[in-house]
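Chain by chain, the residues run as shown.
2 protein chains.
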Amino acid sequence: MKKFKAGLFGLGVVGSGVYKALQQNEKYGVSIEKIAVKNIEKERNLELPNGILTTEADEILDNTDLDIIIELINDPKEAFSIVKKAFERGKSVVSANKKMVALYHKEILELREKHGVKFFYEGAVCGSVPILRLLDQHYKSDQVKSIKAIANGTCNFILSKMVGENQDYATALKDAQELGFAELDPYSDVSGEDTRFKLSIMIYHAFGVFVHPNEIPLHGINHLDEHIKDFAQKHHLKLKLVGEAQQQNGKITAKVEPQLVNESHDFYTIENEYNGIVVDAEFSGEQFVKGKGAGSFPTALAVLSNLKDLKYDLAIAKSLVKKEIEFSNKSKREIYFISGFENEISGLTILDQEEKYYIVNTDFNRLINLKQEHLNLYWVKIPQDIFNKIKNHEVLI
Amino acid sequence: MKKFKAGLFGLGVVGSGVYKALQQNEKYGVSIEKIAVKNIEKERNLELPNGILTTEADEILDNTDLDIIIELINDPKEAFSIVKKAFERGKSVVSANKKMVALYHKEILELREKHGVKFFYEGAVCGSVPILRLLDQHYKSDQVKSIKAIANGTCNFILSKMVGENQDYATALKDAQELGFAELDPYSDVSGEDTRFKLSIMIYHAFGVFVHPNEIPLHGINHLDEHIKDFAQKHHLKLKLVGEAQQQNGKITAKVEPQLVNESHDFYTIENEYNGIVVDAEFSGEQFVKGKGAGSFPTALAVLSNLKDLKYDLAIAKSLVKKEIEFSNKSKREIYFISGFENEISGLTILDQEEKYYIVNTDFNRLINLKQEHLNLYWVKIPQDIFNKIKNHEVLI
Chain A
440 MKKFKAGLFG LGVVGSGVYK ALQQNEKYGV SIEKIAVKNI EKERNLELPN GILTTEADEI
500 LDNTDLDIII ELINDPKEAF SIVKKAFERG KSVVSANKKM VALYHKEILE LREKHGVKFF
560 YEGAVCGSVP ILRLLDQHYK SDQVKSIKAI ANGTCNFILS KMVGENQDYA TALKDAQELG
620 FAELDPYSDV SGEDTRFKLS IMIYHAFGVF VHPNEIPLHG INHLDEHIKD FAQKHHLKLK
680 LVGEAQQQNG KITAKVEPQL VNESHDFYTI ENEYNGIVVD AEFSGEQFVK GKGAGSFPTA
740 LAVLSNLKDL KYDLAIAKSL VKKEIEFSNK SKREIYFISG FENEISGLTI LDQEEKYYIV
800 NTDFNRLINL KQEHLNLYWV KIPQDIFNKI KNHEVLI
Chain B
440 MKKFKAGLFG LGVVGSGVYK ALQQNEKYGV SIEKIAVKNI EKERNLELPN GILTTEADEI
500 LDNTDLDIII ELINDPKEAF SIVKKAFERG KSVVSANKKM VALYHKEILE LREKHGVKFF
560 YEGAVCGSVP ILRLLDQHYK SDQVKSIKAI ANGTCNFILS KMVGENQDYA TALKDAQELG
620 FAELDPYSDV SGEDTRFKLS IMIYHAFGVF VHPNEIPLHG INHLDEHIKD FAQKHHLKLK
680 LVGEAQQQNG KITAKVEPQL VNESHDFYTI ENEYNGIVVD AEFSGEQFVK GKGAGSFPTA
740 LAVLSNLKDL KYDLAIAKSL VKKEIEFSNK SKREIYFISG FENEISGLTI LDQEEKYYIV
800 NTDFNRLINL KQEHLNLYWV KIPQDIFNKI KNHEVLI
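If you read the protein sequences in the order shown, they are chains A and B. Residue numbers for the first sequence follow this note's numbering, so the first one is 440 and each next one is one higher. Residue numbers for the second sequence follow this note's numbering, so the first one is 440 and each next one is one higher.
It is possible that some hints are incorrect.
Since copy identity is lost for identical chains, a pair holds within one copy or between any two.
What the hints assert, rightly or not - Heads up, simulated EDC-like pairs for lysine to aspartate or glutamate below, C-alpha to C-alpha not over 20 Å straight-line:
hint, residue 1, residue 2
1, LYS545, GLU665
2, LYS761, GLU465
3, LYS473, GLU665
4, LYS673, GLU702
5, LYS810, GLU783
6, LYS690, GLU773
7, LYS459, GLU721
8, LYS584, ASP506
9, LYS466, GLU763
10, LYS668, GLU472
11, LYS762, GLU465
None of these hints come from the bench; they were simulated from the model. What you are looking at is a predicted structure, and each value in this text was computed from that prediction instead of being measured.
Throw the hints in and build the complete structure from the sequences for me.
In structure tokens:
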């Protein structure tokens, strides 16, 4: 089988993992010939051949000897420009850049068609969890009804600490930062934005519809206070940030928000940096996949498996855009725990209340509106079955 | 894209599901032109075109119009003969016959190579759970260290009833039979044989080694009595039949036996007809997949996804046989709960004991030997971490 020559963009955590694996093991049949980095002089814990590093993107892109581009930089705009140029030069690309894929999804896939190249990006969604592969291949013969994901390890770590170890939000965040699980600026993670990028990518592969991340309503975990923590502990529930999308009557709805889960839910055992996805489909019913959502080697593995796909000339079933299916940002009424308000909130269907929180029956959009007046307001979805159980056990406060 | 014409062998539970799906939905691009059955006159809950049924296998195999054979009969020997003939006539085959694949694995894959055809069999292992796809594609870039599976819904149903609802083995089996979860002759399921077929197939895809099912030591669930049930309940543990294989220093070991799991284990939430598999690999770490392991539509979906693979000419990374890796039937010492003996058993390292059971440190082969003298002896593995927890909590009886 032909040996591929690749150019690598970015030599960070994932890039180094990919480089080391390809270097150490002939079996991959891919050799990295040139690596584009911002700073050649930077100290790196890697043995590199002389002259392999460059700061000039075009030195890689214009090199007709290279078949494949592995794109692993951070900046989405710069990454998109690299991918575009690679496609124009007939090179296939493997990427792990969730932000780039989410923001330019439609354009990239159109360009891929136009130039007849391949573009794989398993590493962009949930690290080593092969969810895009499954949606593209296994589920292409089924009809996906819904997809629910814990897709952000930082949030999951913080929520594990808060409910499991009784920490407050600020301490849990600080711990996460000290352990390297959270960035110094945690906004993208705790706001739910990162989960939304991944959800937007999965929606295309699950339903054949492009939904720009900005169209998906989101609510993060950065306003949670002790009331929800106490509530969760009291009822033996765990708190998870969940991105979910479902298809019903030709309409897709999606959102990202914190949610309570009980011990019978697959998400209950997902702790710390693990990610997990439940796919519900017509024929297969509910399936659950769980694995490491981030980290050097787990994400590198996703990249390596995509390189193998190129090598075996894997023609993945294309997610044809389904024009008959539309995205709708209407939200349906569900049961929510709400807290973080200063004064009473009027005009809500209250199912139960304490001084500092309500259990209400309302919808996401209404909560978003309320948040404009009550800036610290936060909400956590209580799935119907959990609410029923709490009620039947008569332990609802 | 070309529309494929297929011949179907077997119109049972899975066959009917596949036929209905292909009939109702153009998107699959596969039409079934002829169906071989044993009895044409049998009443079927299906609308079938006149003349589509035949009792003559050759009417399908010799028809040069048909590109694909879908093999869904029960008898492994007959199925193998059909597959062989199909290959000889240049036809690719999709099958869900675990017993045939497990018993003739090496021969079939050699014949596949010889005749340059394709042969997919996702439905043979754990119904809708896409484990072969993942091992062939995703994990082909990783190094699998171990694979552990709950692969038999009948056993899982019985064990759920015994520990969760306090039934005895006989009642749980009877319930399973009445609900259609167990065959009238449950031997293949409760003896662990069925799990062993599936494990043997997975071993090839995980490690590149053919291990005949008969080489894998097994111990079923058909001798469990109330002592293990009480023990599991007392310590909040669940009981599962687990097939497992690991690679260490170029040796593969494998076995099928009941095992205790606690609430932090992924298997804890697998109830009734669900199957689940934990794969531990070098780069990706531990991943877990869970889904419906049997049933008309879940298994049909596996078949349909394989038909899509043929349609998209999916060239799956081949599991080259690794000559440097050997199978070893040596077993290592582990911690076991043993019961079902009449008189005391001597010569064992006993960690704890009650009148009716011991907790011992020993190995599978030793237990197999002991069973020749003590016919009702049974054992259940207690993983080290669970044993430690029980000990630390000082609740060990």
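We went through each hint and held it up to the structure:
no. : hint               : verdict
1   : LYS545 with GLU665 : neither (42 Å within a copy, 60 Å between copies)
2   : LYS761 with GLU465 : between (41 Å within a copy, 15 Å between copies)
3   : LYS473 with GLU665 : neither (51 Å within a copy, 65 Å between copies)
4   : LYS673 with GLU702 : both (14 Å within a copy, 19 Å between copies)
5   : LYS810 with GLU783 : within (13 Å within a copy, 71 Å between copies)
6   : LYS690 with GLU773 : within (18 Å within a copy, 54 Å between copies)
7   : LYS459 with GLU721 : between (42 Å within a copy, 14 Å between copies)
8   : LYS584 with ASP506 : neither (38 Å within a copy, 32 Å between copies)
9   : LYS466 with GLU763 : between (44 Å within a copy, 15 Å between copies)
10  : LYS668 with GLU472 : neither (51 Å within a copy, 60 Å between copies)
11  : LYS762 with GLU465 : between (44 Å within a copy, 17 Å between copies)
Hint check: violations occur at hints 1, 3, 8 and 10; the rest are consistent with the structure.
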